[in-house]
Amino acid sequence: MNNKKLNFKGTALRSSDIKEKKVLTTSWKPSLQYAWDDGVAIGRYLKELKNGKIIARKCKKCGRIMIPPRMFCELCFRPTDEWVYVKDTGIINTFSISYVHWDARRIKEGEKPFIPAVIEIDGASEGMGILHVLGEVDPEDVKSGMRVKAVWKSPEERIGAITDIKYFKPIIER
Amino acid sequence: MIKKVAIVGVGYTNFRSTTPDLSYRELTYEAATKAYEEAGVDPRKDIDSFVSTAEDFFEGYSIADEYCPDQLGAVLKPVNTIAGDFLQSLITAYMMILTGRLNIVAVQAMSKASNMTTLGELELFAFDPVFNRPLAENPHFVAGLEMNRYLHDTKTTREQCAKVVVKNKKNALNNPYAGHGAKITVEDVLNSKIISYPLTHLDISPASDGAVVMVLASEEIAKKLTRKPIWIRGVGWCSDTFSLESRDWGESTSTRLAAEMAYKMADIDNPKKEIDVVELSDIYSYKELQHLEALKFCNKGEAGKMIDNGITEIGGELPVNPSGGSLGVGHLYECSGAQKTLEIVLQLRGEVGKRQVKNANIGLAHSWRGVPTTTSVIAILGN
Ligand SMILES: [Zn+2]
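Read top to bottom, the protein sequences are chains A and B.
Take the first sequence: its position 155, counted from the start at 1, is 155 in the numbering used here, and no numbers get skipped.
Take the second sequence: its position 255, counted from the start at 1, is 255 in the numbering used here, and no numbers get skipped.
Okay, chain A solo, but in the shape it has when bound (with noise of 0.2 Å):
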């Protein structure tokens, strides 16, 4: 970025102004929390992630084998079927390499990127995917159509959440 001054008319405001009560302002800090339900899908899909398991559900009617799990399809309308277990394995549909944090900080010299992929997991219908990170990979060898597996955390350290996988790596074939 360019440092230059811009020499705009009008008085220029910096943060240190602000906090030094210089101009007025008010400030109001929210304090809002939320206690989500996980209801009869997600909660299973959660209780099976710490147990070291994907589960997800299936509709008879179009077939699809659904990850996240949902009760209902929302293609057909109608509820979903049964409860499918599906491997920890899968291939990378999508994935991009982020070099900035949600604030937009770039990351420091030296970190590594940030790399989210949408994972088509075996076993789910095709299209049916976790959206996740990879690891254990450089950046410039993630292609579309790798193939990849689960890194999950410890049995202890699993809480039922979507970390108690750490990151998909790439499949080493032999």
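Since the hints were derived computationally from the structure, they do not count as laboratory data.
Partner residues are not named here, just some residues of chain A that face chain B (Cβ under 8 Å, in silico):
| # | residue |
| --- | --- |
| 1 | 31 |
| 2 | 37 |
| 3 | 38 |
| 4 | 39 |
| 5 | 40 |
| 6 | 72 |
| 7 | 77 |
Not close to chain B: a few residues of chain A, all C-beta gaps over 10 Å, as computed:
| # | residue |
| --- | --- |
| 8 | 81 |
| 9 | 100 |
| 10 | 115 |
| 11 | 116 |
| 12 | 127 |
| 13 | 130 |
| 14 | 131 |
| 15 | 136 |
| 16 | 141 |
| 17 | 142 |
| 18 | 146 |
Using N, Cα and C, we set each Cβ at its ideal position, and we do this for glycine too.
Put chain B with the ligand on the given structure of chain A with help from the hints.
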């Protein structure tokens, strides 16, 4: 001549303080399935458009409307979301059908109030950040201010407000979908803890969960789908200033103006004579009385006498909140107007058993969005 539009199917869950067994998606799915079954429509094939109701801060998502389609059967279909009350969504759906381009439209609202663990903070966040928020305390104080001025202006008494609570909680005992029915006395209400003078704990409706879905259709389609279409006869909506400094604290002006709009459209000259059953906003007890006056069911200052004389009881001349209202069913936030509309539909169809109002042909549903808002919405329905 304005086209006719009818409600041809309703679906709803029970309304309870908590619903830990179901996610918000599963809750709406239950109501939607029932509504489509009743209307005999397949949402994937027959419904032209969907209107959902969601306030981001109530849902705990930004852009909450994007989370509405799946559970309504609306994926890859026309959907839009109203950040207001269900009745505003109902009017939006109604107007969509009036365009003549759409024949069947579904409307949804849902409350997962139990999932909002900092409700007071959330309501406070609705206050003006410069003028009011720095002074603010628990937001119920706004209702305390309004109740006090209303009682002062109209000489209505706290006892008369307490009678509203007793009546509505009693009505809720005969309503299987209501979560807060109880047999209590005027003394119980007056002796419950003061929250913000003159408002006591029992004057305030308890937050609750639940979902409602309705299917609306144009005249020709409605007649094919059901033998009991409930026609929309008139609608009105109005918002006053946000200002807590300069609004009229004694009267609900927005309700009065919305009522004038709806009555004109429905060709109603004498609401008390022409309307058979009323579901109006009673988020706070005094609101039922204040709204009765604004809806012109009596003159200003006479609503207290109506409750004294039993006129608003189920067997009375003008039954009000036979469902139990928000005091007896629970406060449903953006789903409040949905419960009001639902009860009017069920009453007009004659399907509510013990709490049935006799000869109910024309009903009025009214909602107000709660403190600190001044938005009021009305629909007049007929069979
Ligand atoms: Zn399906």
